[in-house]
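Student: So you can see what is in the structure, the chains are spelled out below.
Protein chains: 2
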Amino acid sequence: MISEKMQQAVAGSSAIRAMFQEGRAMAAKIGAENVFDFSLGNPMTPVPAEYNQAIIDAVKNESSLELHGYMDNAGYPETRQAIADNLNQRFGTAFEHKHIVMTVGAAGALNVVFKTILDPEDEVLALAPYFGEYRGYVANHQGILKVAEPNQDTFQPDFADLESKITEKTKAIIINNPVNPTGVIYSEETIQRMAALLEQKQKQYGHEIFMVSDEPYRELVYDGNKVPFLTKYYDNTFVTYSFSKSLSIPGERIGYIAVSPQMADCEQTCSGLSVANRMLGFVNAPSLMQKALIPCMNCTTDVAYYDRNRQLIYGALTKYGFTCIKPQGAFYLFIKSPDPDEKKFVEAAKKHHILLVGGTTFSCSGFVRLAYCVSYEMIERSLPAFEALAEEYGLS
Amino acid sequence: MISEKMQQAVAGSSAIRAMFQEGRAMAAKIGAENVFDFSLGNPMTPVPAEYNQAIIDAVKNESSLELHGYMDNAGYPETRQAIADNLNQRFGTAFEHKHIVMTVGAAGALNVVFKTILDPEDEVLALAPYFGEYRGYVANHQGILKVAEPNQDTFQPDFADLESKITEKTKAIIINNPVNPTGVIYSEETIQRMAALLEQKQKQYGHEIFMVSDEPYRELVYDGNKVPFLTKYYDNTFVTYSFSKSLSIPGERIGYIAVSPQMADCEQTCSGLSVANRMLGFVNAPSLMQKALIPCMNCTTDVAYYDRNRQLIYGALTKYGFTCIKPQGAFYLFIKSPDPDEKKFVEAAKKHHILLVGGTTFSCSGFVRLAYCVSYEMIERSLPAFEALAEEYGLS
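Sequence lines, in order, name chains B and G. Residue numbering for the first sequence follows the working numbering, starting at 5 and increasing by one per position. Residue numbering for the second sequence follows the working numbering, starting at 5 and increasing by one per position.
A portion of the hints provided could be inaccurate.
No copy is singled out in the list; a pair is fine if it fits within one copy or between any two copies.
Each computed DSS-like pair below joins lysine-lysine, with the alpha-carbon atoms no more than 27 Å apart [unchecked claim]:
#1 Lys207 / Lys169
#2 Lys236 / Lys102
#3 Lys9 / Lys207
#4 Lys64 / Lys205
#5 Lys340 / Lys323
#6 Lys205 / Lys330
#7 Lys330 / Lys355
#8 Lys9 / Lys230
#9 Lys330 / Lys354
#10 Lys150 / Lys207
#11 Lys205 / Lys355
#12 Lys173 / Lys9
No lab work stands behind these hints, which were simulated from the structure alone.
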C-alpha cells in the first residue's frame, strides 16, 4: 500500500485525469476540431531555432564527458555567469555566478528553496488565486501553506487580509508574477507595499521572512508591461525561473534560482540551495541543457502569437458579457463565473464542448481559468459556443 | 537563516568540500600529476557515439514542440515501452510500458519511490556499507533509516543481524547492486534468502515490505558476473536505474523506476509514482534525453576500461599486503584500514598524496573506499606511493 498522503494525492489527480478522458471521449464522438480545450497551460509556440542549433553545436564541439558529466551541484559556472550577466544588463542588478543555482525547472527551484529555508510547521503565505502545485511543494518540506485573499476587482493583494495572515511562524511569501491564473502583473506599487510590510514584520518578529518569486511567465508580457524585478525591492528575495515558457521547452526541466546578493547569510544560503539540490535527488540541472542556454540568453518564443490570441478571446468574451480582468502577461484569462457555483458553470461550458478549470483549483472559487495557449483557429471556432453559453446565462 | 537541518547538511558538505580544496592545494604545490585522487565516483569512459548521434537525429527530425514539450509525468510511452522490451528480452520479465516511470536519474527515482510509499516514521533498512546519500533521501520523506551490518569477510548481509533489524515499522529495504562502495554483487543465494525473509515478515506484520533496488552499476560487471534481477525473486520490488554509468552521462539526469507487475496494488502504486514525480518538482525526466535513449537500449560505455583498472589496482594493493574483497562490479575497492582508526589511515595516505574516502561515510568504519574510475596512467603512477604506505604499516 502506498502512503496515506499519496493515496489522497492520487485520488485528486484522478479527477484531473477524468476530465482529460472526458475531453478525449468528446473528441472521439464529435471530432477533435469541435472540442474547445482551454484547460491546459502548455506552451505551443515554436522553440527558437537558435536553441536547437545550440544543442547540436554543443554535442558536436564539446567534450562528451564534460558535456554530459557531473558539475558542481549548482551548475556550470559559465551558464550561471551568463544568466547573472543577462539579469544585470536587463535589470541593473549585481549578480555574480555564485548567486545563481541551476535547477530542474521552476518546480525544482521552488522545492530546493523550501527545503533550504523551512523548518517543520513554518508557514508559507500564498496569494490567491495561486498555482495549486504550491500546496504540494510546501507540504513536501513539512511547511504549512496559508492563503491571503485578493482584491477581486484588481487581483492585486488585499493588503488588510495579507497583513492579518502574517504570523510569527511566517517564513516566506510566494509570489507568482505574472500570475497564473489571472494574467495580472503585481504592480511596482504592490511590490513596494509588500516589501515595506515584510520589512516591518521581520523587525516585529525578529527573523527573516523571505520573498520567493516564481517567474516562469516573466517574458510573456503584453502592451509593453514590465514585471518588477524583486531583488531590487527587498533583500531577502529568491527569484525562481524556468525557461519552459520563454523557450517553449517545458519537458527539458531547466531553470534557476537567483539569490539576492543582499540576502541575510547569503553565502550559507547559496550553499544550502546547492546541497538541497543534491539531497532532493535533482543533483543538478540537466547538463546539455545548461550548455545550450549560454548562446540563447536573449532568445524568446513568439510572444506576439499569444498576444494575438489574448486580444481575440478577451475581446470576444467581454463583448458577449463575460467579466474578466484583462491579462497583462502569461496566457490565461480568469473569468467570473456567471453561476455562483463555478462547478455548475464548468459543466454548462462542457455542454458547449468548452473545457475550463474551476477557480477552486487556485483557491479562488467563483471563477474559472481559460488557457489561451492554443491555436488561433481553435479560438475562432470556439466563439459561437461562448456566445451561446453567454446567452444561456442572459449575459448580453 | 536557513533551516536547522540544512545548517547541519551544509556543515557536513563543507567537510567534503574541504577535502576537495585540500586536493587542489596539493596539486598546485606538487603538480596535478603527482596527486592520486581516488575519492570521486565520476564516470570517465567515453559516451557512446550512438547516443550523441541520437540527440542530433532527434533535434533534426522531430517536432520541436513534441521533443521539448510536456508529456505524461511518467514519460513518453515509446521510451517506457523500449525499456520494458529491453528488460523483458534480457531478463525474461513481463513489463509493459505502464510499469516503467522515467525519472531524473536514480537519485530522483529513489526519492519518488520513498515519497510514494513512506508514511512518517516508517523505517527503511539499508545494508552497510551503503551510499551515504540514502540518509537524506529517506529523511526527505520523514522516514527513518536503519542499518543492517554486513558479514565483513564476504560483504554479503549478516542475516542474523538483518532479521533482528526488521520491525513492524519496516516499510522497505534498499539494496544497491552491485554495491557502492564494495564492488560486491549480492548473490542469487543472498537475494533468495532475503526474499524468503521478507515474505515471512510481511505475513508476520500483515503489511507490505518493499524491496527498493538501486542499480546504477548494473551494466558495470566483470568476469561474466550477473546481477540477479530482483522482480523475479520478490513481488513487491521497485528497480531504480540510472543511465549515468552505463552511458557515462551523469549530468543528464536520466533514469527510471521499474515496478514489478506482481506488486500489491500495482496500478495505484504506478499512479502514485507518477503523481510523486510531479509533486516533488521533477515533473518529468528531461524530454530530449528520453527520446535519445530509444535507439541506445543496448549501448554501454567501455566496461573493459574499468576492468583493466580493477585488475591493476586490486593486484597491486593485495601484493603490497592490503586486504580488500575483489570487486565483481562497479568501480570501487573497499580496503580494510590497517589502522584501527580509519581516519588516521586516510591522513597517512594523504601524506603520500593519495586521496581516499573513509568508510564512516558508508556507515562502515575501519575501511576506506578507493574509486578506480580514473586514468590507468594515474593508477600506474600511484603504485609506488601505495607500496610506501604499505611499508609504513608493515604490511608486506
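Student: Look at each hint and say if it fits the structure.
Tutor: Now for the hints, and whether the structure bears them out:
In this assembly of identical chains, the alpha carbons of Lys207 and Lys169 lie at most 27 Å apart only when taken from the same copy (16 Å versus 49 Å across copies). For a Cα distance limit of 27 Å, the shortest separation of Lys236 from Lys102 inside one copy, 18 Å, qualifies, whereas the shortest one across copies, 47 Å, does not. Taking the shortest Cα distances, Lys9 and Lys207 sit within 27 Å of each other only across copies (24 Å), while inside one copy they are farther apart (36 Å). With identical chains, the CA atoms of Lys64 and Lys205 are never at most 27 Å apart, being 53 Å at best within one copy and 54 Å at best between copies.
Taking identical chains as interchangeable, the C-alpha atoms of Lys340 and Lys323 lie at most 27 Å apart only when both belong to the same chain, with a minimum of 14 Å there against 80 Å between chains. In this assembly of identical chains, Lys205 and Lys330 lie within 27 Å of each other by CA distance neither inside one copy nor across copies; the values are 33 Å within and 61 Å between. Taking the closest pair of Cα atoms, Lys330 and Lys355 come within 27 Å of each other only inside a single copy of the chain (26 Å); across copies the shortest separation is 69 Å, beyond that limit. Taking the shortest alpha-carbon separations for Lys9 and Lys230, neither the intra-copy value of 40 Å nor the inter-copy value of 38 Å comes in at or below 27 Å.
Taking identical chains as interchangeable, the C-alpha atoms of Lys330 and Lys354 lie at most 27 Å apart only when both belong to the same chain, with a minimum of 24 Å there against 66 Å between chains. In this assembly of identical chains, Lys150 and Lys207 lie within 27 Å of each other by CA distance solely inside one copy; the values are 21 Å within and 42 Å between copies. In this assembly of identical chains, the alpha carbons of Lys205 and Lys355 never lie at most 27 Å apart, being 49 Å within a copy and 53 Å across copies at closest. When the C-alpha separation of Lys173 and Lys9 is checked against a cutoff of 27 Å, the pair qualifies both within a copy, at 24 Å, and between copies, at 17 Å.
Taken one by one, the earlier hints fail for this structure at numbers 4, 6, 8, 11, listed in ascending order.
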